[in-house]
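Asks: With the hints as your guide, set chain C onto chain R.
Going line by line, the protein sequences match chains R and C.
Numbered according to numbering that gives the first Met the number 0, the first sequence spans residues 0 to 192.
Numbered according to numbering that gives the first Met the number 0, the second sequence spans residues 0 to 176.
No wet-lab data here; the hints were simulated from the structure.
Since the structure is predicted, the reported quantities are computational estimates derived from the model, not experimental observations.
Positions of the beta carbon are idealized from the N, C-alpha and C atoms, including for glycine.
Certain hints may be false.
Claimed, not checked - Computed footprint of chain R on chain C, listed as stretches where at least three residues anywhere in the stretch have a Cβ under 8 Å from a Cβ of chain R: (1) 22–34; (2) 162–168.
To be verified - With a straight-line Cα cutoff of 27 Å, these simulated BS3-like cross-link-like pairs (lysine-lysine) come out: (3) K59(C) to K121(R); (4) K27(R) to K59(C); (5) K68(R) to K35(C); (6) K5(C) to K5(R); (7) K1(R) to K5(C); (8) K160(R) to K36(C); (9) K68(R) to K5(C); (10) K127(R) to K35(C); (11) K1(C) to K68(R); (12) K125(C) to K35(C); (13) K59(C) to K160(R); (14) K5(R) to K1(C); (15) K127(R) to K68(R); (16) K119(C) to K68(R); (17) K68(R) to K171(C).
What the hints assert, rightly or not - Now the stretches of chain R that chain C is said to cover, found in silico as 3 or more residues with beta-carbon under 8 Å: (18) 5–15; (19) 41–52; (20) 67–73; (21) 97–105; (22) 111–117; (23) 123–134.
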Amino acid sequence: MKSALKYLCVVLIASVLGAGSAFYWLLKPPFDPNWVRSGAWKTNLLAGSEQSGMYDRARVAIAGLFALKRSETLYYIADGDDRGEPLQSGCSYRVEGRDPDSRWWSITVYGRTYFLIPNDQKRYSFNKNNVRRDPDGLFRIYLTSTPREKNWIPTGRQPQKIHLNLRLYNPSPRIADNPGDVELPRIIREGCR
Amino acid sequence: MKNRLKWSMLTLVLAVFFHLVTVAFLPRAIMAVVSKKALRSLNVSVNTAVHQPPVSADQKTVVMPCPDLLYTLCVYDVSRRPLRIKTPAPDDTYFSIAMYASNTDNFFVVNDRMLSRGGKEIILIKKGSSYPHPGQDEIVEAPTSTGIILGRTLITDENKMSEITQIQHQIKITQIQ
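One chain only, chain R, in its complex shape (with noise of 0.2 Å):
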């Protein structure tokens, strides 16, 4: 009896721990070979691949289901600005580029749990169609919680991390085959709350 109880308490602990670690290693990984970095940018080099390995399916599975393979669609997701500090909903950023040499592409921002951030002029993206670009060429997004005159995305008033996701449809070959050596958008925090 005192021995089945141990071994119980061997499979809990251990569960608990196995679990544990699988997801601590998901969402934070220490390092990742598979993802590249281009500013406050980063992809995952394997999203939607089948060659992917069983770590970057699961990342994928939980932050990214449904992703196309690279030569389809890039996907850059930045949780934090160019200075490597999070996104906050609290803060204003200002998301400042050129259009990036791809066929199609969009930056739709996200709140903590990787859903669209509710507000009441059901804004959640820009992209190369719709958004307004100044006389010097670059195009200026905000993400704010009080309105902008223009190229305006709410990040509402809920205090919360948020996440960028910039696709890029038909990227060019040139960025398809060197996702990391490419220049996309900076992200500048302009004051927080």
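Replies: Showing chain C alone in chain R's frame:
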């Protein structure tokens, strides 16, 4: 001392086992939950294409939805019969059909640039089975009997929503008898 080492080693070995099982089965578990949630929330059966309206913040089925696309979703099961997927070939918008296995792998994708005028018919069959009347159709072998087919139609202009919706609705998925 020896006894304690034995129990520690056993805990460690089992923890590694649970770690690997969690990582290996998580994608399948997430896919199963998403398929079930989709079927229930859309009130449809398997092998039925559902043309969804533009994504809003109310959508909580799949993480990181793209609000610039119209999605068409079909939870497939080709264990008994193959499926026929008819695609449109729009002229001026991005369009794609992607197929995902039950472990989340994207095993097939075709976009509008790869389609000839008039679209395409694709036959999705179970791995290891054959289809006797291929004709002009493309035969795609699903690595797993169940999974999800996702159509993406780009909303190029919010003022042209009715035309874009018409393109989306040209995706037809039927079970071959």
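Asks: Does each hint hold? Answer for all of them.
Replies: Verification of the hints:
Counting residues of the segment 22–34 of chain C whose C-beta sits closer than 8 Å to any C-beta of chain R gives 7, which meets the bar of three, so the coverage hint holds. Only when three residues or more bring their CB closer than 8 Å to a CB of chain R does the claim for the segment 162–168 of chain C stand; here the count is 0, and the claim is violated. Under the criterion of a C-alpha separation no larger than 27 Å, the hint pairing K59(C) with K121(R) is consistent with the structure, at around 15 Å. For the hint linking K27(R) to K59(C), the alpha-carbon distance of about 23 Å falls within 27 Å, and the restraint holds.
For the proposed pair K68(R) and K35(C), the alpha carbon gap of about 24 Å is at most 27 Å, so the pair holds. Proximity of K5(C) to K5(R) is assessed by CA-CA distance (about 12 Å); at most 27 Å being required, the pair is judged to hold. A C-alpha spacing of about 16 Å is found between K1(R) and K5(C), which places the hinted pair at or below 27 Å, so the restraint holds. Taken as a hint, the K160(R) and K36(C) pair is honoured in the structure, with Cα atoms around 26 Å apart against an allowance of 27 Å.
Using a Cα cut-off of 27 Å, the hinted pair K68(R) and K5(C) is violated, with the two alpha carbons roughly 46 Å apart. At most 27 Å may separate the alpha-carbon atoms for a hinted pair to count; K127(R) and K35(C) exceed this at roughly 34 Å. Pair hint K1(C) plus K68(R) does not hold up; C-alpha atoms about 52 Å apart against a cutoff of 27 Å. The suggested pairing of K125(C) with K35(C) holds, with an alpha-carbon distance near 21 Å, which does not exceed 27 Å.
Restraint check: the Cα-Cα separation between K59(C) and K160(R) comes to about 17 Å, which is no more than 27 Å; the hinted pair holds. In summary, the hint linking K5(R) to K1(C) is supported, as the alpha carbons are separated by about 16 Å, within the 27 Å threshold. Between the alpha carbons of K127(R) and K68(R) the distance comes to roughly 21 Å, so the proposed pair stays at or under 27 Å and holds. Between K119(C) and K68(R) the alpha-carbon distance is near 21 Å, which keeps this suggested pair within the 27 Å criterion.
About 23 Å separates the Cα atoms of K68(R) and K171(C), which keeps this hinted pair within 27 Å; it holds. Counting residues of the segment 5–15 of chain R whose C-beta sits closer than 8 Å to any C-beta of chain C gives 6, which meets the bar of three, so the coverage hint holds. Three residues within the 8 Å Cβ limit are the bar, and the segment 41–52 of chain R against chain C gives 4, so the coverage statement holds. Look at the segment 67–73 of chain R against chain C: 3 of its residues bring a Cβ nearer than 8 Å to a Cβ of that chain, three or more, so the hint holds.
Coverage of the segment 97–105 of chain R by chain C holds [criterion: at least 3 residues with CB-CB distance below 8 Å; count 3]. Interface restraint, the segment 111–117 of chain R with chain C: holds (6 residues with C-beta to C-beta distance below 8 Å; minimum three). A stretch counts as covered by a chain when three or more of its residues have a beta carbon under 8 Å from one of that chain; for the segment 123–134 of chain R and chain C the count is 5, and the coverage holds.
Consistency note: the structure conflicts with the earlier hints numbered 2, 9, 10 and 11.
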